[in-house]
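Participant: The listed protein sequences correspond, in order, to chains D and S.
For the record, in the first sequence the residue sitting at position 36 is 36 according to this note's numbering, with numbers rising by one throughout.
For the record, in the second sequence the residue sitting at position 202 is 202 according to this note's numbering, with numbers rising by one throughout.
Hints should not be assumed to be uniformly reliable.
[Stated by the list, open to error] Here are the simulated lysine-lysine pairs, DSS-like style, with alpha carbons at most 27 Å apart: (1) S/K157 / S/K201; (2) S/K11 / D/K13; (3) S/K233 / S/K297; (4) D/K72 / S/K294; (5) S/K294 / D/K77; (6) S/K294 / S/K45; (7) D/K77 / S/K47; (8) S/K11 / S/K47; (9) S/K266 / D/K72; (10) S/K94 / D/K77; (11) S/K297 / S/K94; (12) S/K318 / S/K265; (13) S/K201 / S/K185; (14) D/K13 / S/K88; (15) D/K13 / S/K5; (16) S/K265 / S/K233; (17) S/K265 / S/K340; (18) S/K88 / S/K57.
[To be verified] Label pairs and their in silico Cβ distance ranges: (19) S/A152 / D/E18: 36 to 42 Å; (20) S/E25 / D/D17: 44 to 50 Å; (21) D/N62 / S/N400: 52 to 58 Å.
[As the list claims (entries may be wrong)] Covered stretches of chain S, as calculated for chain D (at least 3 residues, CB under 8 Å): (22) 87 to 94; (23) 307 to 314.
These aren't lab readings, by the way, just hints derived from the structure by calculation.
Where is the CB? At the ideal position from N, CA and C, for every residue including glycine.
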Amino acid sequence: MPVQIRIPTPLRKLTHDEEIVETSAETVGTAITDLESRFPGIQERLLDEEGQVRRFVNVYVNEEDIRFLQEKDTPLKDGDEVSIIPAIAGG
Amino acid sequence: MPKLKQQGFMKALQCRECGREYPLEARHVCEFDFGPLEVAYDYAKIKSKLTRAAIAKRPHSMWRYRELLPVAKAPTVGLEVGFTPLIKADRLAKRLGIRELWIKNDAVNYPTLSFKDRVVSVALSRARELGYETVACASTGNLANSVAANAAASGMKAFVFIPHDLEKGKVINSLIYGANVISIKGHYDEVNRLCAEIAGKYDWAFVNVNMRPYYAEGSKSQGFEILEQLGWKIPRHTVVPMASGSLLTKIHKSYQEFIKVGLVKKSNYSVHGAQATGCSPISTAHRAGQDFFKPVKPDTIAKSLAIGTPADGFYALKVFKETGGASDDVTDDEIREGIKLLAETEGIFSETAGGVTVGVAKKLIASGAIPADDSAVLCITGNGLKTLDAVENHAGRTRNISPSLREFDALLDRDKTLTAK
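Pulled out of the complex, with its shape left as it was, chain S reads as follows (with noise of 0.2 Å):
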């Protein structure tokens, strides 16, 4: 095979099963056996330019990181994306047990309130160097939302497609851009396998399908962030939500990379994952000591996680076994649960994953996986203004009064007799 031609700080493609090596086009599968291609970098290089002064000069955006993310030049999409608050959570630590917490809170992501826009820039940002004018994605909603503002923000057109059953504010926000939604009578799996055919008809930029080994790499920056945010130090415990697998296995690789360009001191840590027990292909084979999992169909409210053939999932389950992690899942109710918990101690309202996150949080500091008297960190990827049918009838209710002080103060004084019973 002729040299493969240098692009920035990005080398090649290359299987992840096999090592063979392609050139830096939108394609994502191995010709030989189908293994997922990944972005080879040239670390010696990054290692002389990517410092920790040269960080602390560039704008608080991910692209501070841009030597470890994969684009030949400048970024031309998404250039406000990333970090987001680190929030430390005494008030929840309390509740679940844990000596420190931390949240780091994508549910305010730039511009469409999750993790999705890390991905999106990068995935929009590489197809607009290799020339594509239309982008596209297979979506559980989040994806969809952030496609469509970012190709509307950029000038680019966007075909989405989504399961027919998503939360109406996921739908909404699509369409407001402008973008082509296609709804498809399937759940996610379903969605996936018809975008896989259309991929390979059609020539666009499919962001989680030819475009997917630079799609996926923009999650790593949410594990720098935490990095940098910690006073560049590795958590001992993060834990992730998962779908795919593919936010958990960047966030391990992030923490990888760092030490290998020198930014953080190797330490000991566990990358510890969520799912929800409707959808739990990934914890079920874990905890089962299996290192491959059985596809299901899912049936959660968490729709954003409702992956039943999870693309990433023998790879999460390998980050288990390498970091020492451990997984779990929640019921509906669990879910829901969590919530409610994260947004009365920390004041953030997370989506269903968020709820996941926390629930399955809990369930593992409580077993003792995570040691009461270490520190972790929660990912928290979504909003919970996107999923407020999955909590409509549980946040409680108003109270309607007319616009009198009688009125009201008949009310405070039932609550005082309730309270003194």
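Pulled out of the complex, with its shape left as it was, chain D reads as follows (with noise of 0.2 Å):
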């Protein structure tokens, strides 16, 4: 089974409306690579000038936000789930 990565409302104009995209990537940072190849202009959202991922963006791996993993060398296997979610308000 390959890696699921759920697209974001905002985000599902680019992938004509796409909720979950599969992708064979091994680590988030190619796994956004993957995604610019086959739907242009998704990059820039994501990541900033410097290629780091953009501050109200958060990237999950299975639920564990990538800032406590490796970032975007956080590596992928065969049935993860990768979330990107903007970041909410408080409660």
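Dock the two chains into a complex; use the hints.
Facilitator: As structure tokens, then:
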């Protein structure tokens, strides 16, 4: 089973309304490169000019924030689920 | 882009990062860079309407400043919310070693005893304007209580999502109003993440997700009230508890807006932030001199502040920079001491977040970050009756006797002997 990436609403125009996109990339960083090759324009929404994940973008691998893992170098394996989620207000 | 249609005093939603504009809908994120959207106002028009004389004629609620709150028409939910007491806290001032101290007491806000009633009355009024029947939220407790109560009072359906380990008082306080209370096996940041996904799928008004640009503005009313209650003056120092950092940034914004529309004179002020040591990503970043924060996994009795990935952390750090504000954090023991100190000196029983604010204010005064000859306002945001668990074994004990005068006399005699020693 390939890695599944859940696409948040603000980015679905770029993925032609696809909610889930599959990839065989081996890290979060290469998964973003893979997304860009298929849905041009998506990378600059996720990464800033220095190639870092944008301040208001949170990326999770199997429900864990990649900032607790290895950031963009976080490895991916078959069956993993990647979520891209905007930051939310307090409660 | 076609010219966006103005609604009331609101011009558009605007990205805080890149400035792109969006229509005044239920949406919260810039499609381009994920930056948070904020309401842009027509300040020239507001300035002509919102005068001290106009405000003086209106009822004592947060809605007396309604031109600066994001609703198109008259509000329909939470008309009685706000205008909580601003107390001159002389006894606490003496204990903390500062010349003048004020407490803004949202522990007695209407109807659910926390500052969240402010944001919810805005979010639900706006949700109705946009045609929603179902409202929802991710919450550490206080927000859930307020959404549940205000939805019940206005006949809306409510779904509230909370972490599984909340204080009993906060859970019952949501259930009693008949809301759908969903408890999630995880901490608040996980509840938040799930809610972002649910909000993408179901067309509900999620007060702190798709309604966030409107919701968050409600917090400004606490700042507006402080300024009016101080006699149309900006306090030199304000200490605010931080979870996501939203309240702190909105207090700062409220002061800026009152300057902009001419209701107060410009003066120097500092806004300081308080966190619990067990969840202090913002104060840690600030003290390290960084303008970004590292998320943490919360572990603190101050559950209402237990947000490890604070959405407005970046902007809170900017407020410190702009206003010369400081920030610090306190341990669980210091939080309990803060709660007791506020209760014993001013007769105000605050929830754990208030213990954080008092504890940090004490540290900032001691370190000179808030000079002893200045004046400060502490924002108390929630009520101690909701977090009894946190102080249950630290509040002292009752002494039990029979209904006998002899036993009571003996008790007093024993006290006298002890005092004499």
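Participant: When the structure is checked against the list of hints, which entries are broken? Sort them ascending.
Facilitator: Violated: hints 3, 6, 7, 9, 10, 11, 14, 17, 20, 22.
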